[in-house]
Amino acid sequence: MNTEKYQTIEEKILSIYSGKAEKLAQRKSAVLKELITANNAKAIEELTRERMVIDKRLFVCKNILNSIRNASSRKNENFSNYVVVLSTEAARLNMLTPYTV
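So in UniProt numbering, the last spot in the sequence shown is 101, and the numbers never skip.
FYI, nobody ran anything at the bench for these hints, they're computed from the structure. A couple of the hints might just be wrong.
What the hints assert, rightly or not - Below, a list of computed lysine-lysine pairs in the BS3-like style, where the Cα atoms sit at most 30 Å apart:
id : residue 1 : residue 2
1  : K56       : K75
2  : K5        : K28
3  : K12       : K28
4  : K20       : K33
5  : K42       : K23
6  : K75       : K5
7  : K5        : K23
8  : K23       : K12
9  : K62       : K75
10 : K62       : K5
Generate coordinates for the entire structure from the input sequences, incorporating the hints supplied.
Given below as structure tokens:
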């Protein structure tokens, strides 16, 4: 099996989602600071809605990162699961077609 190929894909996916999670965390911090100084109901409502969207996206990023890390830690036991997890996430990022071995 071409484990180097999957290792490279894993590293790229982890890098992308780690970067996304970091940017989302930075934006969330900025939104929270804006919420503290917001002085009208409309601004507070919009910022709260934005924070909720960021929280959902951050949750998804963290779940994907955890899923990949868990599959990677068990790839010697269940390589096909590792390939499926990587292929699924890579397909979401348009890196390759799903379940390509």
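Going through the hints against the structure:
| no. | hint | verdict |
| --- | --- | --- |
| 1 | K56 <-> K75 | holds (28 Å) |
| 2 | K5 <-> K28 | violated (35 Å) |
| 3 | K12 <-> K28 | holds (24 Å) |
| 4 | K20 <-> K33 | holds (20 Å) |
| 5 | K42 <-> K23 | holds (25 Å) |
| 6 | K75 <-> K5 | holds (14 Å) |
| 7 | K5 <-> K23 | holds (27 Å) |
| 8 | K23 <-> K12 | holds (17 Å) |
| 9 | K62 <-> K75 | holds (20 Å) |
| 10 | K62 <-> K5 | holds (23 Å) |
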